[in-house]
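Participant: Sequence:
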Amino acid sequence: CFRCGGVGCPTCGNGWIELLGAGMVHPKVLENCGYDSERYTGFAFGLGIERVAILKYEIPDMRLLIEGDVRFLERFGAA
Numbered sequence: 001c002f003r004c005g006g007v008g009c010p011t012c013g014n015g016w017i018e019l020l021g022a023g024m025v026h027p028k029v030l031e032n033c034g035y036d037s038e039r040y041t042g043f044a045f046g047l048g049i050e051r052v053a054i055l056k057y058e059i060p061d062m063r064l065l066i067e068g069d070v071r072f073l074e075r076f077g078a079a
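In our numbering, the protein residues as written are 1 to 79.
Keep in mind that the hints are not guaranteed to be accurate.
Claimed, not checked - The following label-pair restraints were derived from C-beta to C-beta distances:
(1) Ser37 <-> Pro10: 34 to 40 Å
(2) Gly68 <-> Gly46: 21 to 27 Å
(3) Asn14 <-> Phe43: 20 to 26 Å
(4) Glu38 <-> Arg3: 43 to 49 Å
(5) Gly6 <-> Gly68: 32 to 38 Å
(6) Phe43 <-> Arg71: 36 to 42 Å
(7) Phe76 <-> Leu47: 16 to 22 Å
Worth flagging that the hints you see were computed from the coordinates, not collected in a lab.
Glycine included, C-beta positions come from ideal geometry on N, C-alpha and C.
Working from the sequences, and respecting the hints, build out all of it.
Facilitator: Here it is, written out as structure tokens:
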């Protein structure tokens with residue numbers, strides 16, 4: 001972690017910052033989408049672009065990105 005050096009802090013939690021989250025799709029998700037989970041499996045992945053923004057702009061809390069607070073958004077010229 002760039003803030004704590006891997007010790008653990010509010011930014012990373014335990015020393016690691018996940019940028020590219022990935023994992024197996026739960027069988028119930030497949031079933032709810034109409035797929036037979038006995039026949040199909042799924043792998044989900046994505047770029048956590050909000051995490052890149054958090055690192056670049058040193059945003060202390062991810063929730064600030066989705067709350068729509070104009071005072072926060074003005075910092076980026078978005079309001």
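Participant: Mind checking the hinted window 20 to 26 Å against the Cβ distance between Asn14 and Phe43?
Facilitator: About 24 Å separates the Cβ atoms of Asn14 and Phe43, which means 20 to 26 Å holds.
Participant: Does the Cβ distance between Phe76 and Leu47 fall inside 16 to 22 Å?
Facilitator: holds, 19 Å
Participant: Between Phe43 and Arg71, does the beta-carbon spacing fit 36 to 42 Å?
Facilitator: Given about 40 Å between the Cβ atoms, the range holds.
Participant: Between Glu38 and Arg3, does the C-beta distance stay in 43 to 49 Å?
Facilitator: For Glu38 and Arg3 the Cβ distance comes to about 45 Å; the hint holds.
Participant: Against the range 34 to 40 Å, how does the distance between the Cβ atoms of Ser37 and Pro10 compare: consistent or not?
Facilitator: holds, 37 Å
Participant: For the pair Gly6 and Gly68, does the Cβ-Cβ distance stay inside 32 to 38 Å?
Facilitator: Holds, at about 33 Å.
Participant: Could you say whether the range 21 to 27 Å given as a hint is met by the Cβ separation of Gly68 and Gly46?
Facilitator: Roughly 22 Å apart at Cβ, these two residues keep to the hinted range, so it holds.
Consistency with the previously given hints is maintained throughout, with no hint failing.
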